[in-house]
Amino acid sequence: MEIPSEVRKLAIAAVPPIVAIVLAFLLGSILIFAVGVSPIVAYRSMLDGAFGNIKSFTEVLVKMYPLLLAGLGISIAFTAGAISVGAEGQILMGGLATAFVGTYLGFLPAPLLIPISIMAGFLAGAVWGIIPGYLFAKKGLSVVINTIMLNYIAHYLVNFFINGPFKEPGGYYPQSPRISENAYWPSIIPGTRLHIGIFVALVAVICVYILMKHTPLGVKISSVGVNQKASRYMGIKVEKMIIIALAFSGGLAGIAGAGEIAGIHHRVLSGFSSNYGWDAIAVALLGKLHPFGIVLSALFWAALRVGANNMQRVTQIPVSLVVTIQALTIFFVLISEMWQHKGKLASVTHTFLKRKSIS
Amino acid sequence: MMGLNVSLFSLLFLSGWIASSIRLMTILLLGSLGAVFTARSGITNIGIEGMMLMGSFVAVWGSYTFGNPWIGVLLGGMAGALVGLILGVLSISVGSNQVVSGTIINLFALGLTSFLSAVAFGTSAPSQVPSLGIVPVPLLSKIPFFGPILFQHGLLTYFAVCLVPVVWWIMYKTPTGIIIRAVGEQPEAADTLGISVPLVRYSCVLVSGFLSGIGGAFLSLGQLSVFMENMIAGKGYIALAALVLGKWSPWGVLGSSFLFGAADALQLRIQSMGLLDIPVEFLQMLPYVAAMVALAGFIGKAAPPASMGKPYIKSR
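As given, the protein sequences belong to chains A and B, one line each in that order.
Quick note: the first sequence, position 277, residue 277 per the working numbering, numbers continuous.
Quick note: the second sequence, position 217, residue 217 per the working numbering, numbers continuous.
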């Protein structure tokens, strides 16, 4: 029987992440065992916590939403060879912009306001991506360092606004006023926090897939990521492509922030992103920088986050154990990625990991 | 009379500010001096943050367990070196992207230290442990004005500053330094001469990990005497910015670490004294903005060691 080559390619691509996950959980079970809990009990409580009932599963999807969008964004930057670790700040800026729009344009009807809020999030995130892109193109400055700095600057900028000019009038807590109900992203299942953002994210997956695989722009961006010199000889404007990639990357993270505000919190709170931007780096790598792979890895990552809370309730094992397991997973992904492609045709991730990136 | 008061006040402000700048500089200097080794051997070390975090936790644990803060410092340094070893495995032996490896290492250190501290100390209030004190230098600390600024610090602060000329000497005046820099600039050529590129790079990540670990220990035992989740809070990244701003050289990172320490000290002072009517958040932002502006304004197109960021794969 002939196995279609597409399916075979996919199956081969899925091997390293799955092996990595299994190994990480095995190592994690040693830690669980060391604190005197049965790993089976712990992992079962995690599974129950994530998929035990409809409500917990909707929570997984709620947490999957920002990871998916920010992870998609990071995959574009990485594919261009630019190591952006700025998703966290871009999420914050996107959320802040959405709150502004939702508050000051609250008189607009929902069908108009919701698309505007998505756009505002995209633009604010994109600006936060263009800055390091521009500094790289003009001054040769490290994208890594500047995106890190911008994460902190965004964090304090948000705190400044919710303690100062954008603080809820007469309120006690450092938070912005509640946005207009016209700006709320409607929930899909009443009684849960699941909002339409998950559809926005899935549309983004398809858009990114088409952009990167089937448009000249996407091909140019990937080409810059594979070989800058050759791209330059072919007449591609390398610097411009990197700025564009970082703009898209930031914009998608910005939409993630928009959903957190308009779909969940309905106002800006300090630290509302809860490290989604950092986790998104791991999500992008686990998904092998492919839009469809990132859907799966974001789902997995979100399930771990939700399941970890239940595990802590049931077994008293701290949530941070799951962070350790997540990091171990990526260790093994990196290792297996380099092994699998030794001497063979390299995958996108492999090319990215191996070459000297624009650090 | 008024004028005298103001000048006396500003003099006190100045001496207090510089003294705390030096204190806050210490962790950055230890981190960036270590990173001089990794950078010169051709490795971008994003993992400083994780090395420091691991060092700060293990130092507190060691001090708590053995009742001696210096055992804590030593263990903290070794824990940092262990994190360096993991970075080495990923970015030297496996040949994976160095920035990605470092980022994941920071995630790993964050998870593991939080998990271990919850297991070791419980989630309740963090316990105080034997900590490092201040050791005034005899005689010198009595000098008016300069004494309290320069000679009333912890031993690790003196150690960090004294390390600057030592690292400079190693890098530029010894065969070891020539080998390290050769590996960073021309790994192929170094390899041809029979130098083991992986061995040199592993040694450098170990040194960097050890120094960053000690830096973390200085924060947890020298300044706060507790461990708190994610207590490094980005200082490892600032140390990395100091490395770039200091152009990958020991004297350069002394200057840039001091600059970042001073920016941090200034925001703490202005904040606590309520001197200026500036929103606190802008002051807190200052070190990060300073880093970006300084990088964009002062160094322009910088030239890092030629092979930095590139995994070296021996071709057969």
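For the record, the hints were derived by calculation from the structure and aren't laboratory data.
Predicted model, so just to flag it, every value in this text is computed and none were measured.
Quick reminder that beta carbons are idealized off the backbone N, C-alpha and C, glycines included.
One or more of the hints may lead you astray.
Derived BS3-like pairs (lysine-lysine); straight-line CA-CA distance at most 30 Å [claimed, not checked]:
| hint | chain 1 | residue 1 | chain 2 | residue 2 |
| --- | --- | --- | --- | --- |
| 1 | B | Lys310 | A | Lys138 |
| 2 | B | Lys247 | A | Lys213 |
| 3 | A | Lys237 | B | Lys247 |
| 4 | A | Lys138 | B | Lys173 |
| 5 | A | Lys229 | B | Lys247 |
| 6 | B | Lys142 | B | Lys310 |
| 7 | A | Lys138 | A | Lys55 |
| 8 | B | Lys173 | A | Lys229 |
| 9 | B | Lys173 | A | Lys237 |
Not everything, but these chain A residues come out facing chain B in the computed CB check (under 7 Å) [unchecked claim]:
| hint | residue |
| --- | --- |
| 10 | Leu47 |
| 11 | Ile83 |
| 12 | Val203 |
| 13 | Val205 |
ask   = Within 30 Å, alpha carbon to alpha carbon, are Lys138/A and Lys55/A?
value = Cα-Cα ~49 Å, so violated.
inquiry  = Holds or violated: the hint that Val205/A contacts chain B, with Cβ atoms closer than 7 Å.
reply    = violated (22 Å)
ask   = Does Lys173/B pair with Lys237/A here, judged by a C-alpha cut-off of 30 Å?
value = violated (43 Å)
Status of the Val203/A interface restraint (C-beta, 7 Å, chain B) = violated (28 Å)
task = So, Ile83/A near chain B? Judge it on the closest CB pair being under 7 Å.
result = holds (5 Å)
key: Straight-line alpha-carbon gap Lys173/B to Lys229/A, limit 30 Å   = violated (36 Å)
inquiry  = Does Leu47/A hold up as a contact with chain B if the rule is Cβ-Cβ below 7 Å?
reply    = This hint is violated: Leu47/A lies away from chain B, its Cβ roughly 20 Å from the closest one there, beyond 7 Å.
message = Check whether the Cα positions of Lys142/B and Lys310/B lie no farther apart than 30 Å.
response = violated (50 Å)
Agreement of Lys310/B and Lys138/A with the hint, judged by alpha carbon distance not exceeding 30 Å = holds (22 Å)
Hinted pair Lys237/A and Lys247/B, Cα distance within 30 Å = holds (29 Å)
key: Pairwise hint evaluation, Lys173/B against Lys138/A, where the allowed Cα distance is 30 Å at most   = Not satisfied, since the Cα-Cα distance of roughly 36 Å exceeds 30 Å.
task = Verify the proposed pairing of Lys247/B with Lys213/A, using a straight-line Cα cut of 30 Å.
result = Since the Cα atoms of Lys247/B and Lys213/A sit roughly 39 Å apart, the hinted pair is violated (cutoff 30 Å).
Going through the hint list in order, the structure does not satisfy hints 2, 4, 6, 7, 8, 9, 10, 12 and 13.
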